[in-house]
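Chemist: Here is how the chains run, residue by residue.
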Amino acid sequence: MTFKPVSFTLNGSPKAAFTTDGQNLLEFLRRGVGDLSPKYGCGQGTCGACTVTIDGVPQLACLVLAETVDGRHVATAAGLADGPRLDPLQEAFMERFAAQCGYCTAGMLVAARALLDANPRPTRDEVIEAISGNLCRCTGYEPIIDAILDVAEGRVQA
Amino acid sequence: MAVQVQTHASLSAAQQALGQGGTYLAGGTIVMRGVNAGAVQGLIVRATDPALRSITATGDSVRIGAGATMTDILASRDLDFLHPVARAIGGPQVRAMATVGGNLFAPHPYGDFAVALIALGARALLVQGSARPVEDLMRDRTRPPLIAAIEVPRPRDARAFGWLKVSRIKPKGVSVLSIALHLPRDGGRLRDVRVAFGAMGPNPLRSAGAERVLEGQSLDAAVIARAAQSACEGLDPPTDALASSWYRREVAGVHLGRLLERMA
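For the record, the sequence lines run as chains A and B.
In this note's numbering, each residue carries its 1-based index in the first sequence increased by 73.
In this note's numbering, each residue carries its 1-based index in the second sequence increased by 77.
You may find that some hints are simply not true.
Stated by the list, open to error - Derived Cβ-Cβ restraints for the label pairs, each shown as a range:
{"id": "1", "chain 1": "B", "residue 1": "Arg-262", "chain 2": "A", "residue 2": "Asn-84", "range": "53 to 59 Å"}
{"id": "2", "chain 1": "A", "residue 1": "Pro-78", "chain 2": "B", "residue 2": "Arg-262", "range": "58 to 64 Å"}
{"id": "3", "chain 1": "A", "residue 1": "Glu-199", "chain 2": "B", "residue 2": "Ala-86", "range": "35 to 41 Å"}
{"id": "4", "chain 1": "B", "residue 1": "Gln-205", "chain 2": "A", "residue 2": "Leu-159", "range": "51 to 57 Å"}
{"id": "5", "chain 1": "B", "residue 1": "Gly-206", "chain 2": "A", "residue 2": "Glu-199", "range": "56 to 62 Å"}
{"id": "6", "chain 1": "A", "residue 1": "Asp-128", "chain 2": "B", "residue 2": "Gly-99", "range": "23 to 29 Å"}
{"id": "7", "chain 1": "B", "residue 1": "Thr-133", "chain 2": "A", "residue 2": "His-146", "range": "25 to 31 Å"}
{"id": "8", "chain 1": "B", "residue 1": "Pro-184", "chain 2": "A", "residue 2": "Gly-107", "range": "33 to 39 Å"}
{"id": "9", "chain 1": "B", "residue 1": "Gln-205", "chain 2": "A", "residue 2": "Pro-78", "range": "47 to 53 Å"}
{"id": "10", "chain 1": "A", "residue 1": "Pro-78", "chain 2": "B", "residue 2": "Pro-261", "range": "51 to 57 Å"}
As the list claims (entries may be wrong) - According to the in silico footprint, chain B covers these stretches of chain A (three or more CB under 8 Å from chain B):
{"id": "11", "segment": "92 to 102"}
{"id": "12", "segment": "121 to 132"}
{"id": "13", "segment": "197 to 203"}
I should point out that these hints are in silico values taken from the structure, not numbers from a laboratory.
Think of the CB as a built atom: it goes at the ideal place given N, C-alpha and C, for glycine as much as any other residue.
Modelling step: build the complete structure from the supplied sequences, incorporating the hints.
Modeler: Encoded structure:
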């Protein structure tokens, strides 16, 4: 087994760890680096539970070869809160009961944060489009959409 | 057998590395699924040449690097006619990863972008230097050549290109079928018609029956009805979890007719 060094930025902090040939980014983050916020759902790129951003662009960690993030910026749901101070999206998800079993929540939050960073005032259709790669089997999506719109429209602030 | 990953700075070096066999990794949306499941083993080769993602307009056509992603397509003004197609592929995460070159070899029922490329008469520029029509590549995908870029003729009239994807899950889902049409007109008559289907066979393909009916005709209700009736001639759509072969055969003509009506 070949070990390859990977140096990258995780939620703004420099990190270095070894990956192995063929290891995906999700496994690397969870087992190699200890960030358990991206979830393993399907391992096929279908559910979006493992969504992270790479250089600001949402991607599916289960389908990214870990060694390809060398020198890049990775952000996960674990980086959203600043200590006890939650991201407005996290506040809004709580207010709207947008998390039930919670398994999709980390991926939803990352996808939503990427949307709002690129487009702070999205329409409802743009929100739906932005989370169209994330499956939720509890909420029916409406509370999630409403929570994201609450932040976009200034009804929830940090 | 374990996986070994090789990264090369150029596609020609990657081609050389693949000489003894192996799997080329582009965006990862297909190959990494196989790696995760243990179905892809042995040598995996990737290339980091930035030219792979370049999109260049040249005269009447646009050259798309094989490594350009669906998000890259959506960011290109030169490819506005392909925006509805790229937007229909996956969610934002998949679009940021899935490449134009990889989509050519996406197994059924994926490969919607290739359907549009076939309708537009696109050519694949191979790393070894030659070029092949995309539809030829589709016929045998067992041992695909390494592709450097796709050359897509720009439709002279934007209204001549039509696109429709039918899926059960909204807003995004896998294709029950997809249809791409190129219907250039000459004096009110259709000339050089190309009708392409996705998920209606083992790979994206053209509908010879619909093309025969449409060629040389004006797009009126009677012609549309006959084209819809002929849509599945010679086609043997697969049965999968999304739809049976019978269902695909039943609805393909209906959806083709609706798209033709929109373009009339």
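Chemist: Look at each hint and say if it fits the structure.
Modeler: Hint check results:
1. Arg-262/B <-> Asn-84/A: 53 to 59 Å: 55 Å, holds
2. Pro-78/A <-> Arg-262/B: 58 to 64 Å: At roughly 59 Å between Cβ atoms, Arg-262/B and Pro-78/A fall inside 58 to 64 Å, so the hint holds.
3. Glu-199/A <-> Ala-86/B: 35 to 41 Å: Check passed, 38 Å falls within 35 to 41 Å.
4. Gln-205/B <-> Leu-159/A: 51 to 57 Å: 55 Å, holds
5. Gly-206/B <-> Glu-199/A: 56 to 62 Å: At 43 Å between Cβs, range violated.
6. Asp-128/A <-> Gly-99/B: 23 to 29 Å: Check passed, 28 Å falls within 23 to 29 Å.
7. Thr-133/B <-> His-146/A: 25 to 31 Å: Between Thr-133/B and His-146/A, where Cβ atoms are some 28 Å apart, the hint holds.
8. Pro-184/B <-> Gly-107/A: 33 to 39 Å: The hint (33 to 39 Å, Cβ to Cβ) holds, given that Pro-184/B and Gly-107/A are roughly 35 Å apart.
9. Gln-205/B <-> Pro-78/A: 47 to 53 Å: About 34 Å separates the Cβ atoms of Gln-205/B and Pro-78/A, which means 47 to 53 Å is violated.
10. Pro-78/A <-> Pro-261/B: 51 to 57 Å: Check passed, 55 Å falls within 51 to 57 Å.
11. 92 to 102: Since 3 is at least three, the answer is holds.
12. 121 to 132: holds (count 5)
13. 197 to 203: That given contact holds, which follows from 3 residues of the segment 197 to 203 of chain A lying within Cβ reach (below 8 Å) of chain B.
Against the hints set out earlier in the document, violations occur for numbers 5 and 9.
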